[in-house]
Amino acid sequence: MPHPDDQPENTFCGQTRREFFWQTGGAFTSLALAGLLSRDGFLSKQAVAADGVTPFEAAARVGRSHFAPKAKSVIFLFMYGGPSQVDTFDYKPKLYGLDGKTIDIETKGRGGAKNQGRVVGPKWKFKQYGQCGAWVSDLFPHIGSCVDDIAFIKSMYADSPLHGSAMLMMNSGSILSGSPCLGSWVNYGLGSVNENLPGFVVMLDSTGGPISGAKNWSSGYMPATYQGTVIRANGTPILDLDRPEGLSEAAQRRMLDQLGRYNQRHQQPRAQNSELAARIASYELAYRMQRHAPEAVDVASEPAKTQELYGIDESHTEEFGRKCLLARRLVERGVRFVQVYAGGNHNDANWDAHGDLKKNHAYHAARTDKPIAGLLKDLKRRGLLDETLVVWGGEFGRQPTAEYAEGTGRDHNSAGFTMWMAGGGIKGGISVGATDELGNRAVERPFHVKNLHATILQQLGFDCNQLSYFYAGLDRKLVGVEGAEPIPELV
Amino acid sequence: MHKLIMLSASYQMDSRVDDAVYEADPINDLFSRFDPRRLTAEEVRDTILMTNGTLNPEMGGPGVYPKMPEEVLATSSRPEDAWGESSPDQAARRSIYIHAKRSLLNPLLTSFDLADTDLTCPVRFITTQPTQALTMLNSDFINEQAAIFAQRLLAEHDSLESIVSHGLELTLLRQPTSEETAEGVRLIGDLQQLDGRDRDDAVACFCLVLLNLNEFVYLD
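Taken in order, these protein sequences are the chains called A and B. In terms of the working numbering, the numbers along the first sequence are unbroken and rise by one, the last being 985. In terms of the working numbering, the numbers along the second sequence are unbroken and rise by one, the last being 1557.
Mixed in with the good hints there might be a few duds.
[Claimed, not checked] Restraint-style ranges between C-beta atoms, simulated for each label pair: (1) A:786 <-> B:1407: 19 to 25 Å; (2) B:1387 <-> A:876: 51 to 57 Å; (3) B:1407 <-> A:687: 37 to 43 Å; (4) B:1407 <-> A:598: 37 to 43 Å; (5) A:967 <-> B:1357: 37 to 43 Å; (6) B:1404 <-> A:937: 51 to 57 Å; (7) A:758 <-> B:1360: 44 to 50 Å; (8) B:1360 <-> A:755: 52 to 58 Å; (9) B:1437 <-> A:728: 26 to 32 Å; (10) A:730 <-> B:1421: 20 to 26 Å; (11) B:1404 <-> A:966: 56 to 62 Å.
Source of the hints: derived by calculation from the structure; they are not laboratory data. Even for Gly, the Cβ is constructed at its ideal location relative to N, Cα and C.
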């Protein structure tokens, strides 16, 4: 491609700005149909991807990473609401003895900035697990049995201590809505390997979505092709996947055949128009999705032993277990990014333990502990853990002190919290970074959410400072134009 | 000047192109044809309502709340009070009057590349995805609209030929060919005889096919 400087003035890539965007849109028309159309040499006609620089194929084709990828897909277990680090994985022995004492401590949560607070001692005991001897609280005995495959990051920090903006930060790298989510970036970079399933799948809690709903799986300024698709673990998995009640497959096939005949006749004198061809093909893909997607989500076809491993046989773990097992089935079938929400709606329907910490965390940990451990073990025994990156964490953590005069509830804390990763080339049995002795702030090797994002992209084969998307005059990146570095200790 | 332009052969071209013309003018620099475009999200919905006769052209006033599928409501953090309710007449207002809630958008509109509600959007992307086809084949909305379309045709005509030919005409804004009409009549017949649909229902299925035509959603 000629250098933009060689072009006449007031043009962009030799086109007007409007033409450029128009044709870019045209190129993306076919992205979901890349496999089909590449046969017709369609892709080779496309010059550049939407960033205006990357050759189109590099962005759309599978396996064109910046370097050899370790992971093929990501399962992000999102603990919505913000689990407390000092009650889960960040062992702070000193905190027990301070229970009930008011101390000088700087915190910032939804209750604003404070300089003093009443310590709430950790409400669970900690034990060491595995070869590595990682400390895990009694909330997670099952996850405890997997610590040799887990890398803990105990010095996470984020920009906002409020749910809405913190969720967007964790999901899209920005506290403001409008940016593409991590799953969008992954699919933008890697493309899909299964055209019968969406590449970015989100599973929500039965109590509802997280705050800001669809903003948390939006493709922002990228085309809608990259937005997350909500899949349900029960009933019809994808919106409008089922034929209307009473319409047989044969009748629908007959309708589609006639639709095809009308469309073919319309296309004949417009044979050069690939958009029309793409739309005709999209109906056949939809028809195939109707047949294949239900199979992908058919958790009941798994052996009883496997279902038990995920806790599907017990009422309190049934919901999250089903979702974790579904996540495994989806990554097996080539879905790039699966996000599973533990908790939804508001207040105690998620990890947001402002009132009764014991009740809240006991409930949410009990629902997720066995399913998560089941997922890790199942992935491992199938040899899938090496190529599947599992991420665990919330949008922030919680304070070591109480929010109110009474009770055990903790306020939000974005100054220090714990997340962990497993599989996908991540070193197991390690821990990086640390909070202060009260677990309040990240003090040793602090890592921002951007470092986490950079690490995830790195495991998928991308340099986060190179993977860019051109929008509104800027080469946008998940980690922002300032850039970020992956966490080196984890690999 | 406007008259001169609009009466010119170039201005009146449609999107058809033969191989020779395509070779001579591959990217349409010479205006040898019209560059077709897909209807925008709002246009797709409005045109469906216009075609079956339910579009409410009322202007102004507060936003309206067309029915939101339960699955979409479930994505909200407060599913039970996430969305309002409008009468059928109000729900059939132009798409521009649909209440814009940034975290809960109409699935038909988002599927057809509605602009992101957070950002300025100089030009919209036009994507073509199988999920659009699913929405246009299986959603409650499209099936309700197809049934209303069928009722309109059934009320206006007795013979299947007239039903089919008027349906095609309303969707394509041109006289259908006799072949197109014959194929539509055959489809309705087959759906009745081979698939056991009753007449009204078979006509509704035919109307659903009409609303899915490329010629319907592309301006060409």
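So does residue 1404 of chain B sit 56 to 62 Å from residue 966 of chain A, Cβ to Cβ?
-> violated (35 Å)
Does the Cβ pair residue 1387 of chain B, residue 876 of chain A satisfy 51 to 57 Å?
-> holds (53 Å)
Per the hint of 37 to 43 Å, is the separation of the Cβ atoms of residue 1407 of chain B and residue 598 of chain A within bounds?
-> Violated - the Cβ-Cβ distance for residue 1407 of chain B and residue 598 of chain A, about 51 Å, lies outside 37 to 43 Å.
Between residue 1437 of chain B and residue 728 of chain A, is the Cβ distance one that fits in 26 to 32 Å?
-> holds (30 Å)
51 to 57 Å as the expected CB spacing between residue 937 of chain A and residue 1404 of chain B, which holds or is violated = holds (53 Å)
For the pair residue 1360 of chain B and residue 755 of chain A, does the Cβ-Cβ distance stay inside 52 to 58 Å?
-> violated (28 Å)
With respect to the beta-carbon atoms only, verify the hint that residue 786 of chain A and residue 1407 of chain B lie 19 to 25 Å apart.
-> holds (24 Å)
State, for the Cβ atoms of residue 758 of chain A and residue 1360 of chain B, whether the hinted interval 44 to 50 Å holds or is violated.
-> Distance hint for residue 758 of chain A, residue 1360 of chain B is violated at roughly 23 Å.
Can you let me know if the beta-carbon spacing of residue 1407 of chain B and residue 687 of chain A is within 37 to 43 Å?
-> violated (31 Å)
Note whether the CB distance of residue 967 of chain A and residue 1357 of chain B lies within 37 to 43 Å or breaks it.
-> The hint (37 to 43 Å, Cβ to Cβ) holds, given that residue 967 of chain A and residue 1357 of chain B are roughly 41 Å apart.
Evaluate the given range 20 to 26 Å for the C-beta pair formed by residue 730 of chain A and residue 1421 of chain B.
-> Holds, since residue 730 of chain A and residue 1421 of chain B (Cβ atoms, about 25 Å apart) stay within the stated range.
When each numbered hint is compared with the structure, violations occur for hints 3, 4, 7, 8, 11.
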